[in-house]
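> So the chains spell out like this:
There are 2 protein chains.
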Amino acid sequence: MIKIAILGYGTIGSGVVEVLNTNRESIAGRAGDEIEVKYILDLRDFPGDPMEDKVVHDYGIIVNDPEIQVVVEAMGGVEPAYTFVKKALLAGKSVTTSNKALVAKHGAELIAIAKEQSINFMFEASVGGGIPIIRPLNSSLTADEIQEITGILNGTTNYMLSKMTFEGLEFDDVLKDAQSRGYAEADPTADVEGYDACRKIAILTSLVCGQQVDFEEIYTEGITKITAVDICYAKAMGKVVKLLATSRKTEEGYCAMVAPFLLSQEHPLYNVNDVFNAIFVHGNVLGDAMFYGSGAGKLPTASAVVADIVDIAKHLHKNILISWSSRKMDLVDWKKAKSRFFVRAKEEKENIQKIFGSVEFIEAEGISGETGFLTEVLTEEAFEQKASGLKNILQRIRVV
Amino acid sequence: MIKIAILGYGTIGSGVVEVLNTNRESIAGRAGDEIEVKYILDLRDFPGDPMEDKVVHDYGIIVNDPEIQVVVEAMGGVEPAYTFVKKALLAGKSVTTSNKALVAKHGAELIAIAKEQSINFMFEASVGGGIPIIRPLNSSLTADEIQEITGILNGTTNYMLSKMTFEGLEFDDVLKDAQSRGYAEADPTADVEGYDACRKIAILTSLVCGQQVDFEEIYTEGITKITAVDICYAKAMGKVVKLLATSRKTEEGYCAMVAPFLLSQEHPLYNVNDVFNAIFVHGNVLGDAMFYGSGAGKLPTASAVVADIVDIAKHLHKNILISWSSRKMDLVDWKKAKSRFFVRAKEEKENIQKIFGSVEFIEAEGISGETGFLTEVLTEEAFEQKASGLKNILQRIRVV
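Going down the list, the sequences are from chains A and B.
Residue numbering for the first sequence follows this note's numbering, beginning at 194 and increasing consecutively.
Residue numbering for the second sequence follows this note's numbering, beginning at 194 and increasing consecutively.
Derived by calculation from the structure, the hints in this document are not laboratory data.
Since we're looking at a predicted model, the values are computed, not measured.
Take the hints with a grain of salt, since some may be wrong.
Since the list gives no way to pick one copy over another, a pair counts as held whenever it fits inside one copy or between any two copies.
What the hints assert, rightly or not - Calculated pairs, DSSO-like style, for lysine-lysine (alpha carbon to alpha carbon, straight line, at most 27 Å):
#1 Lys539 <-> Lys491
#2 Lys507 <-> Lys521
#3 Lys491 <-> Lys442
#4 Lys507 <-> Lys308
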């Protein structure tokens, strides 16, 4: 019997309980032992809940109980999650977390402590919800040098962009819809400004390069400026707008960015719609691969957390090596990144050609009084320099 | 230094050497030790090849060398691969293989021997080439009861069907094209008749249910009867024809099949084209997930083999549990399987409706002198019984 404690009895924490109950027998078979929830830490009480008598309010009870071998952190946010997780690891208890903010900020340190203690710190659910990506990166794609990892890592914004695409709606309307369905929070900033995706690509990039990538250094642009007119142009080009979190290994180093991109139909991420997430990986020997699934939601996320618990149960006193040191990886200046740009401007075609040279003009049905065009491949700084010569730029979206 | 031997210096064997050389440093980092090829077993000599002096013709040299800790089986076919692999495991050497025929036939026994010996028998490359699917099933999707696993598992036939779809060609022409590109063998039977995909879905189903699934019991139908006219109808319905290998858990047990299916645009496998493979998984808590990548080819397959070597290196004297016992899993009679059927027949619509009840008639541009229709959901046996009432059936394809 492996006894665990769950920190936080919200969506994920209660999902973990549900998954453990639903698939109790098969999970025990896979883990080699039964998993029992001994404590749930929460500020609230849950009278009438079947787990009512497991609820404690004092973390000391958990961290000081030698029976507890696994702590499931499902509180979210950096503090007090960081303090609690660190204490658990130092007390010789393995930890799994779904908390991207915690992992992006303190992953390297917590991994190092787990290694020292011959236990494990796992975080499959912190990126891509139920999609297995952390474990495949760490234990399956080990023969490759990963040259690119690009994901649709935020289900809320993907739902919104899909709805704008399929129904021609404006940003504000789809945001209200997403909020009414519980896909977007009352304060949607973390999703729509790309902050959530930014932390996730920081985690993936750290795993790929084996060093600490600070999320604060990743250029991040959200979807708040995407309009129905942009979507019309995208359709005219046979493309879709997706919020991508991407990192590439270039000759100068790793280059990471979160921004809306235009994708053509040939791209494996083109058809990833609604709240689904997907992660595209290019390895130098593997070539292209993609992992697709539910990027959020109670049960998919809990499925990933419980898979971590099973892996921990199979490695109770053996650390599974995760290559992510605290040595900082300096990212390449994002202004050196290259792409084509789609631009909408109130400008004469002649002037655009004079500034940008060879461009491809795009006509979209029902749109007039402006000019849409695609540039050649340019660095960000070259684009900015040229764009400063245009008087009235309405939009610019990068093209994959 | 971990010394390995490679059995067979063909496409995969030489690919493994190339991957080990290309990413030598990062692989050593991930494995925790350098990997060195000490022997290559082949009937041939390779004068002038950089690995020339590693080539041996006598397997006894390898199996009796205590320095060899890992054997890479890349010969293909059941014998002598089975005898060699079994001897290696009994001699305490871990094994990785890309050989689906070997794994489908003898997987359970070889897994059991590895467990007894506290070593590992791994076979990531046997299904889906470079796509991580065996390890994710075994160590990531452990919280779930997998209710469906459906794959495009054969790159040759997927290339052919893609080409028929995009270029309107007939089967014989795309087969010649695939052969000229080296995608199809001179004798293409194993691919086009679905035998290759059948062994792969037998392996995946065994892993999902934890018991031995005999590939001989899986109903298997190839793509040789698919015509350009079928593709026209598929287009008229907004669907594509794909060779799927599928297994589902039903109330009566597991039901598996390999056959061409019509997929609609919403299906995650709809856009998997050319030589790419993909595996769709539905778990009872995870929901839908998909794994996509290069299903064949020298380097992608070798990438998966080398990932196995790395995993073996990290678990040199510790068996990683694989739930696949030799207890036989009897599959549900495939005639109980249910789907809609697309049918082409030289028959009056009235008669079709008299026999099948409510059907949806399909018109395809430029096709006349026959009637295309979609049935309701029927079991295979109900379909056969009804279909026997039609005089001249030209085609029937199942619909997902």
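> Are the hints correct? Go through all of them and say.
Now the hints, each set against the structure:
1. Lys539 <-> Lys491: This pair counts as neither: shortest intra-copy Cα distance 46 Å, inter-copy 51 Å.
2. Lys507 <-> Lys521: Close across copies (26 Å), not inside one copy (31 Å); limit 27 Å.
3. Lys491 <-> Lys442: between (34 Å within a copy, 23 Å between copies)
4. Lys507 <-> Lys308: both (16 Å within a copy, 14 Å between copies)
Checked against the numbered hints above, the structure breaks only hint 1 and satisfies the rest.
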